Amino acid sequence: IKSTEGGVIFTVKVVPGSSRTGVSGMLNGMVKIKISAAPEKGKANQCLIKFLAKKLDVKKNAISVISGRTNPIKKVEVLGISAETLVMKLNLNKQGDIS
32 IKSTEGGVIF TVKVVPGSSR TGVSGMLNGM VKIKISAAPE KGKANQCLIK
82 FLAKKLDVKK NAISVISGRT NPIKKVEVLG ISAETLVMKL NLNKQGDIS
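Under the numbering used here, the sequence shown is numbered contiguously, ending at residue 130.
By construction, these hints were calculated from the structure, which means they are not laboratory data. Be a bit skeptical, because a hint or two may be false.
Said to hold, decoys possible - For lysine-lysine, the following DSS-like pairs were computed, each having C-alpha atoms within a straight-line distance of at most 25 Å:
1) Lys-65 - Lys-33
2) Lys-86 - Lys-106
3) Lys-106 - Lys-81
4) Lys-72 - Lys-120
5) Lys-120 - Lys-106
6) Lys-74 - Lys-86
7) Lys-72 - Lys-44
8) Lys-65 - Lys-85
9) Lys-63 - Lys-91
Note that this is a predicted model, so its numbers are computed, not measured.
I would like the entire structure built from these sequences, with the hints used as guidance.
Now the structure itself:
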């Protein structure tokens with residue numbers, strides 16, 4: 032999890048096609064998020080953005096998948112929040128690297 036001038040960038044490991052959408056913790060420095068949507072036609076990315084917007088209390092347009100659009104491992108940027116807020120709102124333990 033890296034702080035930027037306008038927000039944070041972090042790596043997400045997406046598990047699409049799960050029974051429900053939710054954060055399942057940290058995995059090798061990545062935030063692991065289970066997504067109920069299938070990985071087709073961008074549905075998993077849309078579900079990820081909608082989920083993060085709701086959990087982080089930001090607008091969907093403040094969230095961008097900046098790499099890994101067709102890969103389960105993605106870099107995500109969220110504008111308008113701090114790394115500490117991200118960790119708190121996603122209920123992550125502090126062992127993830129924050130810089």
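A quick look at each hint next to the structure:
A hinted pair counts as satisfied when its Cα atoms are at most 25 Å apart, and Lys-65 with Lys-33 qualifies at roughly 22 Å. A threshold of 25 Å between alpha carbons decides the hint, and for Lys-86 with Lys-106 the separation of about 17 Å falls inside it, so the pair holds. Proximity of Lys-106 to Lys-81 is assessed by CA-CA distance (about 16 Å); at most 25 Å being required, the pair is judged to hold. Distance restraint check for Lys-72 and Lys-120: the Cα-Cα separation of roughly 28 Å exceeds the 25 Å cut-off, and the hinted pair is therefore not satisfied.
Taking the CA atoms of Lys-120 and Lys-106, the gap is about 18 Å. The hint holds against a cut of 25 Å. For the proposed pair Lys-74 and Lys-86, the alpha carbon gap of about 18 Å is at most 25 Å, so the pair holds. For the hint pairing Lys-72 with Lys-44, the CA-to-CA distance comes to about 18 Å; that is within 25 Å, so the pair holds. Between the alpha carbons of Lys-65 and Lys-85 the distance comes to roughly 15 Å, so the proposed pair stays at or under 25 Å and holds.
Pair hint Lys-63 plus Lys-91 holds up; C-alpha atoms about 19 Å apart against a cutoff of 25 Å.
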